[in-house]
Amino acid sequence: MRRTLIAGNWKMNGSLQSITELMDGIKAGLNEVDNADMAVCPPAVYLMKVKGLIGEANIGLGSQNICDQASGAYTGELGPSMLKEAGCKYAIIGHSERRSLYGESDELVAKRHAMAVESGITPILCIGETLEERESGVTEAVVARQLDAVIDTQGIEAIGKCVIAYEPVWAIGTGKTATPEQAQAVHAFIRAKLSALSTHIADNVQILYGGSMNAANAKDLLSQPDIDGGLIGGASLKAEDFLAIGKSA
Numbered sequence: 108m109r110r111t112l113i114a115g116n117w118k119m120n121g122s123l124q125s126i127t128e129l130m131d132g133i134k135a136g137l138n139e140v141d142n143a144d145m146a147v148c149p150p151a152v153y154l155m156k157v158k159g160l161i162g163e164a165n166i167g168l169g170s171q172n173i174c175d176q177a178s179g180a181y182t183g184e185l186g187p188s189m190l191k192e193a194g195c196k197y198a199i200i201g202h203s204e205r206r207s208l209y210g211e212s213d214e215l216v217a218k219r220h221a222m223a224v225e226s227g228i229t230p231i232l233c234i235g236e237t238l239e240e241r242e243s244g245v246t247e248a249v250v251a252r253q254l255d256a257v258i259d260t261q262g263i264e265a266i267g268k269c270v271i272a273y274e275p276v277w278a279i280g281t282g283k284t285a286t287p288e289q290a291q292a293v294h295a296f297i298r299a300k301l302s303a304l305s306t307h308i309a310d311n312v313q314i315l316y317g318g319s320m321n322a323a324n325a326k327d328l329l330s331q332p333d334i335d336g337g338l339i340g341g342a343s344l345k346a347e348d349f350l351a352i353g354k355s356a
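Counting from 108, one number per residue, gives the positions in the sequence shown under this note's numbering.
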């Protein structure tokens, strides 16, 4: 049975003081979260600090990116061995902000995914459509294309080593949220597409919802049969809200 995963993407937010207070708050309430695994993805400069703050608590650590190369002259990138040393279990790959603001292509995202898998880091592979694409009726085509960039180069087996996060771009930071039914429909499409290649992988891969999940809507979203958790943005910066989402599982 698939475990629920609630992963917080802090994006470019935080300070030494605020992340210490945030982690103290999360750890204080963690024993009230029974049916979900919790993870946090801080800015890279704070990874080692957060690793120390996690201590022995059952909280996964993730980065917000990973280089597609093992090491070398790649200024500003995060090498996989460095992330492993920092204690990272996860790496967010292909977030919509990376795709739209920094021009990351499906091909580059696939290469980052391959490097994460090769290095023993679980990629959180982000896929999803823009508002224009949704209104044009091409949501499934876009999601399929983004998945195929990984499957065609690495095989369906690589999907079995990742977490997928469906993030409708039009519902991120806009205050808009896909209805549980809209989100479930895309999650079901993703699982059906994978099932055509491997029912085992399709049945076991975690597919998170990444479109402005919060304490108020988490229960309805997480009750959908193919939604296995959330990739949480703003709500992950408040311990009470983040824990409330975990409890909703």
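Since the hints were derived computationally from the structure, they do not count as laboratory data. Each hint should be verified, as a subset may be incorrect.
Said to hold, decoys possible - Calculated lysine-lysine pairs in the DSBU-like style (CA-CA distance at most 30 Å, straight line):
id, residue 1, residue 2
1, Lys118, Lys268
2, Lys191, Lys283
3, Lys156, Lys191
4, Lys354, Lys283
5, Lys268, Lys218
6, Lys354, Lys134
7, Lys354, Lys196
8, Lys300, Lys158
9, Lys218, Lys134
10, Lys326, Lys300
11, Lys326, Lys283
12, Lys326, Lys134
13, Lys326, Lys218
14, Lys156, Lys300
15, Lys345, Lys134
16, Lys345, Lys300
17, Lys218, Lys158
18, Lys134, Lys156
What you are looking at is a predicted structure, and each value in this text was computed from that prediction instead of being measured.
Structure-based check of each hint:
1. Lys118 with Lys268: holds, 24 Å
2. Lys191 with Lys283: This hinted pair is violated, its Cα atoms lying about 35 Å apart.
3. Lys156 with Lys191: holds, 14 Å
4. Lys354 with Lys283: Distance ~23 Å between Lys354 and Lys283 Cα, so the pair holds.
5. Lys268 with Lys218: OK: Lys268 and Lys218 at ~14 Å, within 30 Å.
6. Lys354 with Lys134: holds, 14 Å
7. Lys354 with Lys196: Between Lys354 and Lys196 the Cα gap is close to 22 Å, so the pair holds against 30 Å.
8. Lys300 with Lys158: Violated, because 36 Å separates the two Cα atoms, which is more than 30 Å.
9. Lys218 with Lys134: Violated: Lys218 and Lys134 sit about 34 Å apart, past 30 Å.
10. Lys326 with Lys300: OK: Lys326 and Lys300 at ~26 Å, within 30 Å.
11. Lys326 with Lys283: holds, 17 Å
12. Lys326 with Lys134: Holds - the C-alpha atoms of Lys134 and Lys326 are around 21 Å apart, at most 30 Å.
13. Lys326 with Lys218: With Cα atoms ~34 Å apart, Lys326 and Lys218 exceed 30 Å; violated.
14. Lys156 with Lys300: Not satisfied, since the Cα-Cα distance of roughly 40 Å exceeds 30 Å.
15. Lys345 with Lys134: holds, 12 Å
16. Lys345 with Lys300: violated, 35 Å
17. Lys218 with Lys158: holds, 26 Å
18. Lys134 with Lys156: Between Lys134 and Lys156 the Cα gap is close to 15 Å, so the pair holds against 30 Å.
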